[in-house]
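Undergrad: So the chains spell out like this:
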Amino acid sequence: MTLSALVNLSLGAILIENFVLVRFLGVCPFLGVSKKQDTALGMSLAVIFVMTMASAAAWAVEEFLLEPFEIGRLRTLAFVLIIAALVQLVELFMQKAAPALHKSLGIYLPLITTNCAVLGVALINSNSGTGFIESVLFAFMSGVGFMVALMLFSSIRARLEFSEHPEAFEGFPIALVTAGLLALAFMGFSTVEI
Amino acid sequence: MKDDFAEAADPREEEEQPAAAPPPLAEAPPPAESKTPGLNSVLKRARPVVERVAGVTARGLTVTGRTLRRFFKKDSVPNLVLVMFLLTVVTASCVGIVVSVTEDRIAEGKAESFAEALGTVFPGLELTFAPSGIGENIYEGRDGNGQLAGFSILVSPKGFSGFVDMVVGVDTLREVTGVTVVRHRETGDYSAVLTQGISEALAALDRGLQP
Amino acid sequence: MTQTGKQFKNGIIDQNPVLVLLLGMCPALATSSSMTDAAGMGFTTTAVLLCSGFTISALRKLIPEKIRIAAFTLIIAGFVTAADFLLQAYAPATADSLGIFIPLIVVNCLVFARAEVFAFRNGVVRSSLDGLAMGMGFLAALLAIAAIREMLSAGTLFDFRVLPESFPAVTIMAQPAGGFFAVGLVVAAMQLLKRKGKAGVSV
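Protein chains in written order, with the numbering used here: chain C, 1 to 194; chain L, 1 to 211; chain U, 1 to 203.
Misleading hints may appear alongside valid ones.
Anything over 12 angstroms on all C-beta distances counts as not near chain L; from chain C, calculated [unchecked claim]:
| no. | residue |
| --- | --- |
| 1 | Ile48 |
| 2 | Val90 |
| 3 | Lys103 |
| 4 | Leu160 |
Short, incomplete list of chain L residues facing chain U, as computed with Cβ under 10 angstroms [claimed, not checked]:
| no. | residue |
| --- | --- |
| 5 | Pro48 |
| 6 | Val49 |
| 7 | Val95 |
| 8 | Ile97 |
| 9 | Arg105 |
| 10 | Glu108 |
Since the hints were made in silico from the structure, they are not lab data. In this text, all values refer to a predicted model and were calculated from it rather than measured experimentally. Glycine included, each C-beta is placed from N, C-alpha and C at the ideal position.
Bound-form chain C, shown alone:
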């Protein structure tokens, strides 16, 4: 893959079509885990890992199982099961290797299974029919985009505690409005050309 194609892909996935702020994939954990910055970092790394691995596995399943036997109808089912299995593995690994992180992530780790971003990237890859390397790279870069958005948001949210806002907006609504402002900022990237 040429360097410019790689840069194109990366910037597209991270900035121009950010998974959270433009495509609306992965919003639940984006809102849920962004209260503290270290959990946010741990979560995004886990998500990047799962997204990349899941896309690789999903590509293989699509190429060697779904297409030859023409059972594309079972795609959703197959992809979700792959993701569920991967998340279980990651959880087991994390329990042994990084128990503190595992504890602080708590329930949000198994919830990566229901993260629209993971299934979303697998489906986008299969819809666009790209090759293995491009699919996996796209997934990785999209995960990085998720991390960028999440880290930015959590650092803003840390300051939200001290902001003055109407009582009705306490908690999630003000976070949503802030996310909207962040999305507004990201709109500036939409006409970037390489």
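Fit chains L and U to the known structure of chain C by using the hints.
TA: Okay, now just chains L and U, sitting in the frame of chain C:
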């Protein structure tokens, strides 16, 4: 219900009752007028049979269930595997049924919208399209008299967010009659991609028309 | 209020999936740019909730605890795939505009949460009603958000012009940023309503 039976089947039973039975009422009220006397009697006769069959089935299921449970304890591994296997088979078959029912409809719809898309680049003309022999994505459009009106060419130039599928219409004078974008994921101005698509289409047509 | 009525009030107001439980945000944000899309998404999700609630509740005695998550996944994925194909066949326009968010109903936290919290532990009738009630709540929330977005960005509701042409079109509301704003507004409104409902009692 047993009394109903007695009344319907044997009106003389009252007289044969043992003396210890309480004296019958002076005038037992007649049974309510039934709108479907025939159906009612059929149902009356069917009920005990149905009850017996249902009882046997329930007992059979319970016994089967208990035997299966003895072999497949609720939380044991063989049971986990069995449940997952059965669930997978049933789910996949149900999905298969739904898909086979909807397959034709989906294909029809796609063919219709495809034909429609091919026609949109020749506004105002009623053409029928068929694959021309000169190129994979080149379709020739003929009007009502069978005259060749032009070509609809499918191209997919690369935009910023993946491919932009478009149809380019070229008439017999090699003039572009129209461009329809079928699918795109672009955000913002992608007119440059359209121009590229047109030139790709013309190039493909020229290649195909070369002797 | 009858128990059924209570269940519906619960699903639509007290525990509205999007506005109170804050589940199902992804489709709420993505499909609420127009009311027809929102309606399509809401009805499809309701259908999946209803069917999966019924099935999981009917099978609850047979599914071992240890693999219940996998079992839920299978059942829900089956219904979502069926819904996907049915939509493609009988409502291709809706299927096209909802795009990948139809298969993404599988990972809608709402469906899983209801399966785990309710359908697995309650009878068939109650669970089906719960699925229906939660689905109606989801639909209501989506329509509320979409109403704001469509009205402000295009002046229409369900493609019927509602505001005069001279009203300035706030096109940002059709964009992702507007989605976040609209959802934030509606959730805030909901929180305000709930606070007022509990007037005098601290939340």
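Undergrad: Give a verdict on every hint.
TA: Hints versus structure:
1. With a least beta-carbon separation of about 21 angstroms from chain L, C/Ile48 lies farther than 12 angstroms from that chain, consistent with its non-interface assignment.
2. C/Val90, annotated as away from the interface, keeps every beta carbon of chain L farther than 12 angstroms; the closest lies near 21 angstroms.
3. Every C-beta of chain L lies more than 12 angstroms from that of C/Lys103, the closest at about 27 angstroms, which supports listing it as non-interface.
4. Residue placement check: C/Leu160 keeps its beta carbon more than 12 angstroms from all beta carbons of chain L (closest about 29 angstroms).
5. Violation of the interface hint for L/Pro48 is found here, the shortest Cβ-Cβ separation to chain U being roughly 29 angstroms, above the 10 angstroms cut-off.
6. Using the Cβ-Cβ criterion of 10 angstroms, the hint placing L/Val49 at the interface with chain U is not satisfied: the shortest such distance is roughly 28 angstroms.
7. Of the supplied interface hints, the one on L/Val95 holds, with its beta-carbon coming within about 5 angstroms of a beta-carbon of chain U, less than 10 angstroms.
8. With a cut of 10 angstroms, the hint placing L/Ile97 at the interface with chain U holds, because the nearest CB-to-CB distance is about 9 angstroms.
9. Hint status for L/Arg105: holds, given a least beta-carbon distance of 4 angstroms to chain U, under 10 angstroms.
10. Interface restraint check: L/Glu108 against chain U, minimum CB-CB distance 9 angstroms, threshold 10 angstroms, status holds.
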